[in-house]
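So the sequences go chain by chain: Y and F.
So that you can map any letter, position 613 of the first sequence is 612 in numbering that gives the first Met the number 0, and since no number is skipped, the others follow by simple counting.
So that you can map any letter, position 5 of the second sequence is 4 in numbering that gives the first Met the number 0, and since no number is skipped, the others follow by simple counting.
I should point out that these hints are in silico values taken from the structure, not numbers from a laboratory.
Certain hints may be false.
The calculated DSS-like cross-link candidates involving lysine-lysine, where the alpha carbons are at most 25 Å apart (straight line), are [what the hints assert, rightly or not]: (1) LYS83/F x LYS109/Y; (2) LYS550/Y x LYS119/Y; (3) LYS48/Y x LYS88/F; (4) LYS67/Y x LYS83/F; (5) LYS179/F x LYS67/Y.
Cβ pair distances, simulated, as ranges [stated by the list, open to error]: (6) GLY38/F x LEU295/Y: 44 to 50 Å; (7) PRO195/F x GLY815/Y: 39 to 45 Å; (8) ALA123/F x LYS805/Y: 50 to 56 Å; (9) GLY815/Y x VAL37/F: 18 to 24 Å; (10) PRO41/F x SER478/Y: 35 to 41 Å; (11) GLY120/Y x GLY128/F: 43 to 49 Å; (12) GLY38/F x ALA611/Y: 51 to 57 Å; (13) GLU113/F x GLY637/Y: 36 to 42 Å; (14) GLN39/F x GLY811/Y: 17 to 23 Å; (15) GLN39/F x ASP400/Y: 26 to 32 Å; (16) ARG759/Y x PRO195/F: 42 to 48 Å; (17) GLY405/Y x PRO41/F: 32 to 38 Å.
Backbone N, C-alpha and C fix where the C-beta goes; we use that ideal spot for every residue, glycine too.
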Amino acid sequence: MSRQRGGMSRRRFLELTGAVVAAAAVGQVSGSRSPLVKAAGSATGTQPKTEYRFGVCRMCQQPYCSFKATIQDGVVTQLEGVRESLLSNGTLCSRGNAAIAQHYNPYRLKVPLRRRNQAKGMDVDPQWEEISWDEALDIVAQRLRKIRAEDPRRFVYNQGFSRAGIFISDGAYVRAFGSPNAFRSNGPLCATHYAPSATVGTFLGPNFDWIHTKYCLNIGRNMGPSTGVAGGGCRGDGGIGVRYFMYAVEHGMQVVCVDPRWQPEAGVGRNRWIAVMPGTELALVLALTHVLLHELNVYDKEFVTWRTNGPYLVRPDGTYLRDRNGKPTVWDLSDGRVKAFDDPTLRTPDLESGHVINGTSVRPAFALLKENVRAYTAEWAAAITEIPAMTIRQLARELADNAQIGATIMIDGVEMPYRPVAVIAGRGAISHKNGTLFHLAAITINLLLGAVGVPGGVQPDTFGPVFKPDEDGLTTLVSEAVPHPFKYPPERVDLKEFYPNSHHMPHLAFRVISDPARYGLNYSIDTMLVYGGNSIQHNCAPEPIVASMRKIPFVVAISYHMDEPTWMADVVLPEDSNFERYIAGRPERHAGLLDGKPVAYMQTNIQRPVVARMYNTRQPDDIFIDIAERVGFLYGPGGLNDVINRDLADGYKLDLNKKYTTADLLDRMIKSNWGPDHGINDQSPFLQKVVSLKERYAYFYHPGRQTRHRLYFNNLLEVGRNLKANLKENGLETVPGWEGKKFFEYYTALPVWIDEPDDRRNYPLRVINWKTPQFIGLVGGVDNPWLHEVGKVFDPLTFGICMNPKTAAEFGLNAGDTVVVESRYGSTSGELILTQLIRPGIVGIAGNLGRTSPGLNPITHEGPNYNRLLTGQEGDIDPIAGSIPISEWVTVRRA
Amino acid sequence: MAVDLRRCIGCDACTIACKQRNGTPLGVFFSKVARREVGQYPNARMEFTPLLCMQCQNPACVDVCPTGASYVRPDGIVAVDPDKCMGCKYCIAACPYDARAFVESIGSYYPGFEPTPYEKAAYASHRAGVVEKCDFCASRVEKGELPACVQTCPAGARIFGDLDDPTSEVSGLIAERGGKQLLPEMGTNPSVYYLPA
Numbered sequence: 000m001s002r003q004r005g006g007m008s009r010r011r012f013l014e015l016t017g018a019v020v021a022a023a024a025v026g027q028v029s030g031s032r033s034p035l036v037k038a039a040g041s042a043t044g045t046q047p048k049t050e051y052r053f054g055v056c057r058m059c060q061q062p063y064c065s066f067k068a069t070i071q072d073g074v075v076t077q078l079e080g081v082r083e084s085l086l087s088n089g090t091l092c093s094r095g096n097a098a099i100a101q102h103y104n105p106y107r108l109k110v111p112l113r114r115r116n117q118a119k120g121m122d123v124d125p126q127w128e129e130i131s132w133d134e135a136l137d138i139v140a141q142r143l144r145k146i147r148a149e150d151p152r153r154f155v156y157n158q159g160f161s162r163a164g165i166f167i168s169d170g171a172y173v174r175a176f177g178s179p180n181a182f183r184s185n186g187p188l189c190a191t192h193y194a195p196s197a198t199v200g201t202f203l204g205p206n207f208d209w210i211h212t213k214y215c216l217n218i219g220r221n222m223g224p225s226t227g228v229a230g231g232g233c234r235g236d237g238g239i240g241v242r243y244f245m246y247a248v249e250h251g252m253q254v255v256c257v258d259p260r261w262q263p264e265a266g267v268g269r270n271r272w273i274a275v276m277p278g279t280e281l282a283l284v285l286a287l288t289h290v291l292l293h294e295l296n297v298y299d300k301e302f303v304t305w306r307t308n309g310p311y312l313v314r315p316d317g318t319y320l321r322d323r324n325g326k327p328t329v330w331d332l333s334d335g336r337v338k339a340f341d342d343p344t345l346r347t348p349d350l351e352s353g354h355v356i357n358g359t360s361v362r363p364a365f366a367l368l369k370e371n372v373r374a375y376t377a378e379w380a381a382a383i384t385e386i387p388a389m390t391i392r393q394l395a396r397e398l399a400d401n402a403q404i405g406a407t408i409m410i411d412g413v414e415m416p417y418r419p420v421a422v423i424a425g426r427g428a429i430s431h432k433n434g435t436l437f438h439l440a441a442i443t444i445n446l447l448l449g450a451v452g453v454p455g456g457v458q459p460d461t462f463g464p465v466f467k468p469d470e471d472g473l474t475t476l477v478s479e480a481v482p483h484p485f486k487y488p489p490e491r492v493d494l495k496e497f498y499p500n501s502h503h504m505p506h507l508a509f510r511v512i513s514d515p516a517r518y519g520l521n522y523s524i525d526t527m528l529v530y531g532g533n534s535i536q537h538n539c540a541p542e543p544i545v546a547s548m549r550k551i552p553f554v555v556a557i558s559y560h561m562d563e564p565t566w567m568a569d570v571v572l573p574e575d576s577n578f579e580r581y582i583a584g585r586p587e588r589h590a591g592l593l594d595g596k597p598v599a600y601m602q603t604n605i606q607r608p609v610v611a612r613m614y615n616t617r618q619p620d621d622i623f624i625d626i627a628e629r630v631g632f633l634y635g636p637g638g639l640n641d642v643i644n645r646d647l648a649d650g651y652k653l654d655l656n657k658k659y660t661t662a663d664l665l666d667r668m669i670k671s672n673w674g675p676d677h678g679i680n681d682q683s684p685f686l687q688k689v690v691s692l693k694e695r696y697a698y699f700y701h702p703g704r705q706t707r708h709r710l711y712f713n714n715l716l717e718v719g720r721n722l723k724a725n726l727k728e729n730g731l732e733t734v735p736g737w738e739g740k741k742f743f744e745y746y747t748a749l750p751v752w753i754d755e756p757d758d759r760r761n762y763p764l765r766v767i768n769w770k771t772p773q774f775i776g777l778v779g780g781v782d783n784p785w786l787h788e789v790g791k792v793f794d795p796l797t798f799g800i801c802m803n804p805k806t807a808a809e810f811g812l813n814a815g816d817t818v819v820v821e822s823r824y825g826s827t828s829g830e831l832i833l834t835q836l837i838r839p840g841i842v843g844i845a846g847n848l849g850r851t852s853p854g855l856n857p858i859t860h861e862g863p864n865y866n867r868l869l870t871g872q873e874g875d876i877d878p879i880a881g882s883i884p885i886s887e888w889v890t891v892r893r894a
Numbered sequence: 000m001a002v003d004l005r006r007c008i009g010c011d012a013c014t015i016a017c018k019q020r021n022g023t024p025l026g027v028f029f030s031k032v033a034r035r036e037v038g039q040y041p042n043a044r045m046e047f048t049p050l051l052c053m054q055c056q057n058p059a060c061v062d063v064c065p066t067g068a069s070y071v072r073p074d075g076i077v078a079v080d081p082d083k084c085m086g087c088k089y090c091i092a093a094c095p096y097d098a099r100a101f102v103e104s105i106g107s108y109y110p111g112f113e114p115t116p117y118e119k120a121a122y123a124s125h126r127a128g129v130v131e132k133c134d135f136c137a138s139r140v141e142k143g144e145l146p147a148c149v150q151t152c153p154a155g156a157r158i159f160g161d162l163d164d165p166t167s168e169v170s171g172l173i174a175e176r177g178g179k180q181l182l183p184e185m186g187t188n189p190s191v192y193y194l195p196a
């Protein structure tokens, strides 16, 4: 039985505020007459000195958590969560609670600035000059007008996670300008999106089902407790905050955390920790698959047969055997005939046997999968992962035992398969050179157990018809699984043409910007717009990025404070703080707790400015619009308004020749999703609609045999082959920078272990990094003095370099020593912390510390900088996702 | 109050909620989370213990206070009257729970700058040279609200209610889970119970 925490029930809270439950009534949409209006407005007007206003937290990259601000004489003096928000259930995390210090920050940028010193560098004084908005915008517009007329490709927009809550996307902006160049600084160390996009139809996930999962094998992932997220935030996906994790554990979920480091998830309930060598997780999941298929002979045959491409016949070249209509085929054991996968006469698809059809040998994809893992025994994986073979077998047995293959469950009158088992994967395991293959292999285990999109199994990031099949009967490829078209010479500085399924690659983009001819580009970048992103700090070895940025003739930064890219800018445009903005998110669809019971819901958070502007700053969307107008790409067909209209419903589209404000745009976006009765001026902090829990499961939308998932990735194989052929046509043997390195080996239909050389003789340790509840990235964290103080005073593993005592002894090091950690690419230093909470052979550095911009609060400069140890160079990155390997080989010595 | 050690994951949301709610100056914490590493690899783990004023029914701090500044309110909350506190710190030495803080000075979290508008507002209720502590967010509780740390806890690890009411959730949980006071041998009889992990 669930228990309502916090001392009083939600209903009791509403009674206390004189409200009634209305917002959460099934099938209704809360609106301008939400009970919260009364709670909020009761003190306004009559008590001019104290007001209460609602807002949306932006202290991490997902603006999900609603807050109520107490404002005294115009100053925000308190924040607290809003219990009625199903996204956060009245809670705020440590970062959310520190948002006041983020707003009242004297290091904020207060006026537009122009650089007077044309020399650039972290150690160079830019000699800032304060200028007016008109002057600043004119300087930017004049530059952009010129290159737009000459070659619009020379404009690049570099964005990042601090964009959270804005309306105009980077893609829309450069499209309207006429440039192909937008790349993001976020994600190169966390490229977790190809596999879900190829298997479950969503950009994020799949994640465990906090309502029904009973056994979860968590490989390298934050499940909520690691970062203490209240509800949204660096949520992984599925809107899972700590409260939902706790619900799952208290309802019987056991978690096995496979990670080089103990994480708080492992300390709850019956959960346990299994230490793994980072970068070897692929070997573990291949061996688990081996044990399931070759030793236990356990898999969900009904699911594999009818909901995966397991029975699809594969030719010797790895492609499907297609019928004359181009459809993939299967062998029907019931009549011994080859049929299209969707033939209505199909009765018994064969999963195991090879056949010769018209002289061509073919085998079902499942048989190839089984054959592929034959050599990946538990003993083989034990030697690589340093997890005992006995433990690997035990994990496989636990997965098999908990899957309850064949069980069903009734949810709101609908019977669905019940598979309360989940294998989930996160950044710690995915951000390696073989990370995409690992992620595909991890998801495959769920598919073999029938635990995808059904209660208890792993879930896509959102609910709805995301399993919609394509012409091959498989979940439609989305996002990064849709290959970017090849073109030579390439047009984009992030080389999507060479990495068709990649995530954001700022590390590569800056290499290209530095030397475009080397990559075949026939133009150079003239102007970069930086907003909400930090490719210097949130990346790999920073010096080459700084050097590349120095080569860009003109940089304009829209910024909250003087971070590293802003320090390199020519013109700085200061943005409003979170409290000073209009914000409205697009609808989130998740499962949440309403009065202690799980429900499915959609919710949009809304914020109007909580307080008046303190300085001469502006809302980012208004700045984008102003620049577009002055440059000449706001109006008319193809202009920014026209591009924005793609995101707006009929009836709310913009007049192509009218100028709008941020509030206008958000109002139309809200109306597009919630109808004409709602908008930015709704007094409620969110719009919310609760629906039947059955809708949370993608199976509901495509039950039975209505869709299939890929466990054989012919799409990846073919992307690699096409890329290789296209390169060859243009005289290239491989992607520039990969000469003599394994690249196409990673474009395989079935994940395989690929041996790679290392220099462990000189660099015998591997470095790991983790987010902490205070420092999860760059969005509110190390520059916040409250978070800095708490991290420094109370978290014993932050602001230093962590090692297991056994390893430290092998290196002759003692606690408190100042040590230098070195990789082939850089070094960092700090005080040595000894802990039993990380495995031997590892160096651990928490958070994103050690900032370098002289314009930041000096507290940001403290601590070791983990990112300096990493590389983003070709030959080392993931050839598919393009991500930076996060566990570089290192050595350590006393300073 | 009951603190569920099974749920606490050491995120310090309570620590900072307390700071922003009470506007505590630099270095002053009314609420915090103690950490202790236990066991040896690979069976090691971190234990988290949230700490705040235990609102003892036999408070050692009150007993040693020479001026009567520390006192027990009728509702059981242990409070400090800053007008009577002379900053002798006897109470800090007497408190077995490290729950009290001496306010050395009240400066900005941004050295070299004027106090921020928030700090000017929040620090008005603080005074240098006196001892301060958690009062269960008495001003919130008086309005029927929860203490800030309870309200904000993402894990739902804090339960606030009436210990004198045996039917309250907090009383039920303490009975059901075998809630324990910290350092009972000190005879302070805390009003905060810890539910075992």
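Each hint, compared with the structure:
{"no.": "1", "hint": "LYS83/F x LYS109/Y", "result": "violated (43 Å)"}
{"no.": "2", "hint": "LYS550/Y x LYS119/Y", "result": "holds (9 Å)"}
{"no.": "3", "hint": "LYS48/Y x LYS88/F", "result": "violated (36 Å)"}
{"no.": "4", "hint": "LYS67/Y x LYS83/F", "result": "violated (35 Å)"}
{"no.": "5", "hint": "LYS179/F x LYS67/Y", "result": "violated (34 Å)"}
{"no.": "6", "hint": "GLY38/F x LEU295/Y: 44 to 50 Å", "result": "violated (32 Å)"}
{"no.": "7", "hint": "PRO195/F x GLY815/Y: 39 to 45 Å", "result": "violated (34 Å)"}
{"no.": "8", "hint": "ALA123/F x LYS805/Y: 50 to 56 Å", "result": "holds (53 Å)"}
{"no.": "9", "hint": "GLY815/Y x VAL37/F: 18 to 24 Å", "result": "holds (21 Å)"}
{"no.": "10", "hint": "PRO41/F x SER478/Y: 35 to 41 Å", "result": "holds (38 Å)"}
{"no.": "11", "hint": "GLY120/Y x GLY128/F: 43 to 49 Å", "result": "holds (47 Å)"}
{"no.": "12", "hint": "GLY38/F x ALA611/Y: 51 to 57 Å", "result": "holds (53 Å)"}
{"no.": "13", "hint": "GLU113/F x GLY637/Y: 36 to 42 Å", "result": "violated (49 Å)"}
{"no.": "14", "hint": "GLN39/F x GLY811/Y: 17 to 23 Å", "result": "holds (21 Å)"}
{"no.": "15", "hint": "GLN39/F x ASP400/Y: 26 to 32 Å", "result": "holds (29 Å)"}
{"no.": "16", "hint": "ARG759/Y x PRO195/F: 42 to 48 Å", "result": "holds (44 Å)"}
{"no.": "17", "hint": "GLY405/Y x PRO41/F: 32 to 38 Å", "result": "holds (35 Å)"}
Taken one by one, the earlier hints fail for this structure at numbers 1, 3, 4, 5, 6, 7 and 13, listed in ascending order.
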